Amino acid sequence: MNPVNYLYLAALLFTIGATGVLIRRNAIVVFMCIELMLNACNLAFVAFSRMHGNLDGQIIAFFTMVVAAAEVVVGLAIIVSLFRSRHSASVDDASLMKL
Amino acid sequence: MTGYLAAYSTSTGEAVQFWVLGTVAVIGALCTILMRRAVHSALCLAGTMIILAVFYLANGAYFLGVVQIIVYTGAIMMLFLFVVMLVGVTAADSLKETIKGQRWLALLCGLGFGILLVGGIGNAALTDFNGLGQANANGNVEGLAALIFTKYVFAFEITGALLITAVVGAMVLTHRERTERARTQRELAEQRVREGKHLPPLPAPGVYARHNAVDIPGLLPDGTTSDLTVSSTLRDRGQIRDVSQEALGDLRALEQRSEERLERTEIEPPAPHRTPSRRSEEASQ
Numbered sequence: 001m002n003p004v005n006y007l008y009l010a011a012l013l014f015t016i017g018a019t020g021v022l023i024r025r026n027a028i029v030v031f032m033c034i035e036l037m038l039n040a041c042n043l044a045f046v047a048f049s050r051m052h053g054n055l056d057g058q059i060i061a062f063f064t065m066v067v068a069a070a071e072v073v074v075g076l077a078i079i080v081s082l083f084r085s086r087h088s089a090s091v092d093d094a095s096l097m098k099l
Numbered sequence: 001m002t003g004y005l006a007a008y009s010t011s012t013g014e015a016v017q018f019w020v021l022g023t024v025a026v027i028g029a030l031c032t033i034l035m036r037r038a039v040h041s042a043l044c045l046a047g048t049m050i051i052l053a054v055f056y057l058a059n060g061a062y063f064l065g066v067v068q069i070i071v072y073t074g075a076i077m078m079l080f081l082f083v084v085m086l087v088g089v090t091a092a093d094s095l096k097e098t099i100k101g102q103r104w105l106a107l108l109c110g111l112g113f114g115i116l117l118v119g120g121i122g123n124a125a126l127t128d129f130n131g132l133g134q135a136n137a138n139g140n141v142e143g144l145a146a147l148i149f150t151k152y153v154f155a156f157e158i159t160g161a162l163l164i165t166a167v168v169g170a171m172v173l174t175h176r177e178r179t180e181r182a183r184t185q186r187e188l189a190e191q192r193v194r195e196g197k198h199l200p201p202l203p204a205p206g207v208y209a210r211h212n213a214v215d216i217p218g219l220l221p222d223g224t225t226s227d228l229t230v231s232s233t234l235r236d237r238g239q240i241r242d243v244s245q246e247a248l249g250d251l252r253a254l255e256q257r258s259e260e261r262l263e264r265t266e267i268e269p270p271a272p273h274r275t276p277s278r279r280s281e282e283a284s285q
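For the record, the sequence lines run as chains Y and C.
Numbering (UniProt numbering) for the first sequence: 1 to 99.
Numbering (UniProt numbering) for the second sequence: 1 to 285.
These aren't lab readings, by the way, just hints derived from the structure by calculation.
Bear in mind the structure is a predicted one, so any value in this text is a computation, not a measurement.
For glycine and all other residues, C-beta sits at the position ideal for the given N, C-alpha and C.
Any given hint could turn out to be false.
Cβ-Cβ distance ranges computed for the label pairs, FRET-style [as the list claims (entries may be wrong)]:
| hint | chain 1 | residue 1 | chain 2 | residue 2 | range |
| --- | --- | --- | --- | --- | --- |
| 1 | Y | Asp92 | C | Leu86 | 34 to 44 Å |
| 2 | C | Gln102 | Y | Ser88 | 12 to 22 Å |
| 3 | C | Gln245 | Y | Asp92 | 45 to 55 Å |
Calculated Cβ distances over 12 Å to all of chain Y for the following chain C residues [as the list claims (entries may be wrong)]:
| hint | residue |
| --- | --- |
| 4 | Glu14 |
| 5 | Met49 |
| 6 | Ala53 |
| 7 | Thr98 |
| 8 | Asp128 |
| 9 | Leu188 |
| 10 | Thr225 |
| 11 | Leu234 |
| 12 | Arg235 |
| 13 | Gly249 |
| 14 | Ala253 |
With the sequences and hints as input, model every part of the structure.
Okay, structure coming up:
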């Protein structure tokens, strides 16, 4: 097996995540799809790190994880406060900037 | 030389692992976007992330593999599940399209994007794989640490600032000021007296010999249940258990069993006043 297959898998997972963001309307599931895309990127970074024989790709993947953790914390807080004001987690209902 | 060749094409074990686990990962990802309930999506995504952690380990990223399991499946997915529980676990997505043809257009976009990505990777000159043998020679964690604290030290410190900002942002977003003062017990009592209804405390829930839970309403003198005795939250959810008939049913079952044991089935149906003696009889056995 050629290790390039990891890149194909990463591309496939990223595509699935992107399609999910376009299809789903529940804000939490949209957020999970974004996480899936981030994970696919991480897999590509790790595969590239192996390809080039140095650890820079893994460092970038590590920073991606940290940023993803920060992003999840803020994003879920936004979803919770949206749910408080609108009693729904659907992105269709969040059509106004104010309540 | 063998190590160089081995880097070109992986071992058979890794190939088998890739094809088996890769299939499961893709199925998990598809389930994530196709499941109607957010909880199922979250669990499928957690499975995909664990498989990705195995792939990291297989690619020589030992530290990242462990961090993936601890941070992603351990912390982030649990945070997701926590929010799903807060927002309402039973809320399934509606399947009604608000924009006409959005789903097909989205699928088309995804397909085109996927073809573009795969075509790009296929056309790229990815012929030589060096392998991580040299980079991981002193240990993966040591190599990462050497890079983080020299070449990427500024990025690392800015990441710390980002995390602190995220924590403060989450606290600001979810914190809610009380706009009015909470009423004290004295004020509540005075309000009750002013309104003139339910001056004494509400009646207690029903307590029986076998059912002493708060979701069981107390019985009024005529044998009907009183909804006032159950907390208003349970009343709104419709979680009140009515056991007023259950006790009689239990008694009937007990009597039938004792009669079967005493082989008195041919005798006439038991009169209610004989019940205590039967029960004491059975207890003495």
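Results of checking the hints against the structure:
| no. | hint | verdict |
| --- | --- | --- |
| 1 | Y:Asp92 with C:Leu86: 34 to 44 Å | violated, 20 Å |
| 2 | C:Gln102 with Y:Ser88: 12 to 22 Å | holds, 19 Å |
| 3 | C:Gln245 with Y:Asp92: 45 to 55 Å | holds, 46 Å |
| 4 | Glu14 | violated, 7 Å |
| 5 | Met49 | violated, 6 Å |
| 6 | Ala53 | violated, 10 Å |
| 7 | Thr98 | violated, 5 Å |
| 8 | Asp128 | violated, 8 Å |
| 9 | Leu188 | holds, 25 Å |
| 10 | Thr225 | holds, 32 Å |
| 11 | Leu234 | holds, 21 Å |
| 12 | Arg235 | holds, 21 Å |
| 13 | Gly249 | holds, 41 Å |
| 14 | Ala253 | holds, 45 Å |
Violation of the numbered hints given earlier is confined to hints 1, 4, 5, 6, 7, 8; the remaining hints are satisfied by the structure.
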